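Novice: These protein sequence lines map, in sequence, to chains S and D. When we follow this note's numbering, the leftmost residue of the first sequence carries the number 1, and every step to the right adds one. When we follow this note's numbering, the leftmost residue of the second sequence carries the number 1001, and every step to the right adds one.
If you are wondering where the hints come from, they were derived from the structure by calculation, not from laboratory data. It should be emphasised that the depicted structure is a prediction, and the values quoted were computed from it without experimental measurement. Each residue gets a CB set at the ideal place from its N, CA and C atoms; glycine is no exception. Please note that the accuracy of each hint is not assured.
Unchecked claim - Reference excerpt, derived from the structure (chain D facing chain S, CB under 10 angstroms, subset only):
#1 Phe1032
#2 Ala1096
#3 Asp1128
#4 Leu1177
Claimed, not checked - Straight-line alpha carbon distances no greater than 27 angstroms define the calculated DSSO-like cross-link-like pairs of lysine-lysine that follow:
#5 Lys1022(D) / Lys1074(D)
#6 Lys73(S) / Lys1022(D)
#7 Lys1070(D) / Lys1099(D)
#8 Lys73(S) / Lys1070(D)
#9 Lys1167(D) / Lys38(S)
#10 Lys1078(D) / Lys1042(D)
Claimed, not checked - Simulated restraints on C-beta separations:
#11 Ala61(S) / His1172(D): 34 to 42 angstroms
#12 Ser85(S) / Arg1175(D): 51 to 59 angstroms
#13 Arg1175(D) / Ser32(S): 17 to 25 angstroms
#14 Asn68(S) / His1172(D): 39 to 47 angstroms
#15 Lys1099(D) / Asn68(S): 19 to 27 angstroms
#16 Val106(S) / Lys1099(D): 39 to 47 angstroms
#17 Asn68(S) / Pro1013(D): 22 to 30 angstroms
#18 Asp63(S) / Arg1027(D): 44 to 52 angstroms
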Amino acid sequence: MLHAEANSLLPWLINGSLEHAQSEAVQTHASSCVICRKELGQLRALQTSAEQFLASQTAPAIDMRRINQRIDKLATPSRLQNLWSVTRSNIVARPWRFAFVAQSAVVAIVATMVLLPGARAPEFRTLSKPTAENAQRLIRAVFSPTLTLAELTTLLGEQDLALYSGPSERGVYTLTTSRPLGVTERSAIAAALQVDDRVLFAQPVTAQ
Amino acid sequence: MADVSENTSTPDPAGLDLALLKQVCGRDREAFSALYCRFQPKLFGYLRRMLRDACTAEEVLDDVMLVVWKDASKFRGKSAVSTWVFGIAYRKGLAALGKEKRYQSRLDHSVDEASLVGHTTTPDNWLDVGLQHLSVDHRQIIDLTYFGGFSYDEIAAIVGCPVNTVKTRMFHARRRLQVLLPKLGEPRVKATQGQVK
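Using the sequences plus the hints, can you model the full thing?
Specialist: Right, dumping it as structure tokens:
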């Protein structure tokens, strides 16, 4: 046996856990190796000290009450564990029945979400979208790009109109009258606007 | 207490442990009590040395034996029962060390030897004091070898590492102790060395 191998096994030679053949080989090497013999002495001292230390230590008196209580607790499962145990055994015994129940539950949940009025998504509205109330005042118009702001103000003043919103991306303005008017009256105002060459388009807004 | 002498013709400790564990598989409380009594002193000592606190050691000991009760049927017999039980104790002990932050993880090997000067040691505890200056990994190998009497194969199974790792850790632990222990127990070491042939 090589020195390194024998030396690494010295602690287990001392504690007596080496197999017989291995023990013999290590002892044979140690008898002819000064380093291993010296280390054997140190390790024996360690072993002796360990044994003395163990002999001086006392374990507390054996009290099995706590662990018995814990084992008893394991033996009596809680109500939740019982419920789960029954459910699990049902699932294992009748998987198709469980699948049907699960599917029905999913359908019921989806149906509730779709049919309940409160569950609908809120309607999307833009600021310029006409409501029934203000639709009676609005006219949409497109003006010539050459029209100046002063000219626009004059033009709207002549028809008792004001700017409500705009222009949109396509250059559409929404105009409002000073009071609610019918479609016919607003059509007349729109027609009057369109007489001017600087007005490319004008039409009353109808409620949707 | 359970009488296992009828069930086994092998009166050796390992055979007795195995016979008791088989009865524990059948939920035999008396056999479990017998097994508990057999392991309690060694396990308590091992856990107390690891955790440095008797109360925590007692709690962890119960945790270990509860695992033995619950998982007795999982024991495959690839090792001795004591190896299996100490493997559980090793893992539970490390977990407890982590929880209580008592675990000075992988203690710096450059520990100041001067700190040992003036350290109060008694004939009983000088080795124990010296071991506290080793890393947890190294201390476990020394502990399981000298206090537990386990072979390197068994220690590898307990700690869950290859045999060569056990030998390497033992090598480094010995080198470390060669520096540390003479400061704590030099007279005793020399006295014992004198007995070597």
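Novice: Against which earlier hints does the structure fall short, listed by number upward?
Specialist: 2 and 18
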